[in-house]
Amino acid sequence: MRIRTRTEGPCQVIAVDGSADVTNASELRQALLGAIEGGARRIICDLGCTDFVCSDALGVLITAYLKARARGGFVRLADPQEHLRDILKTTRLDHLFEVYPDVAAASARP
Amino acid sequence: MPSSSPETDSRSDWTEKVLPTRLELIRDAEPEVLGRLRELGYSEDQRFAVRLAFEEAMVNAMKHGNRMDPALHVVLNYRILPDRIEIRVRDEGPGFEPHLVPDPTCDENLNRPCGRGIMLMRSYMDEISYAYEGREVCMVKYRKREGGSA
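Line by line, the protein sequences give chains A and B. Residues 1 to 110 (the numbering used here) make up the first sequence, in order. Residues 1 to 150 (the numbering used here) make up the second sequence, in order.
Just so you know, the hints here were simulated from the structure itself, not pulled from any lab data. In this text, a Cβ means the ideal position worked out from N, Cα and C, and glycines have one as well. One should not assume that every hint holds.
Computed, partial: chain B to chain A, Cβ under 8 Å [unchecked claim]: (1) P104; (2) G117; (3) Y130; (4) E133.
Partial list, derived from the structure: chain A residues whose beta carbon lies under 10 Å from chain B [to be verified]: (5) C54; (6) S55; (7) Y65.
Distance windows between CB atoms, simulated [claimed, not checked]: (8) A/D17 to B/S43: 21 to 31 Å; (9) B/L81 to A/T5: 25 to 35 Å; (10) B/S129 to A/H95: 38 to 48 Å; (11) B/H99 to A/E8: 41 to 51 Å; (12) A/G9 to B/D83: 30 to 40 Å; (13) B/D45 to A/E8: 30 to 40 Å; (14) B/T105 to A/T7: 29 to 39 Å; (15) B/K17 to A/K89: 27 to 37 Å; (16) A/P110 to B/L81: 46 to 56 Å; (17) B/S129 to A/R6: 40 to 50 Å; (18) B/A71 to A/A105: 47 to 57 Å.
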């Protein structure tokens, strides 16, 4: 897994490339929670190049979502590919997260 | 449909691995299983499903079963047949009652960070059962041929 961070307008974009599995979920946690602790409130998780997400990684996304929301912000998901969309639907996490087709759409919404 | 028959339920079909409780070892065990599925023509969707369920089972065994005690082991048994893969993962923990695990898809549980491993295994595999008071999970995934039949 490789994590890339960039700024897009008022949002911090955290792109997760490759597989977010149990062996590296802590890196994802550090990136997301580190951003929130550092003051980021509007976070977009770019999943366009994410090919695998385990339940631990889903837990990290949820924790980040709750922390950001508690501080008046958000964690939005952008561009999940077919397998990830299926996982989000199966777990019903598509009812928890705002899911957008791409980063631009996720950042355009206030 | 039974997951095995007398003529195919030979112990020689099975591969057994005994792994210490170390999460990084899960990644080492995966390629062998997934590579064999690829060789046998299992689809990309099926290999993804098996990978997800396999990892969730191993993580559950190490984290919730063995409580990450490095002195305890996880026993992985699997066999790959032309029509299905069977995976058994057993830990050395106290066991548990799967039906008591809260449904993570209920509205009141949606924002809980934990508890999705079992439902993912159930959703992505065709059969799942437990033995040894919950210490062993047994999973089957059938190879679907084009057109959707097993």
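Inset, instruction - Sort out which numbered hints this structure fails and list those numbers smallest first. - result: Hint check: 3, 4, 9, 10, 12 fail, others pass.
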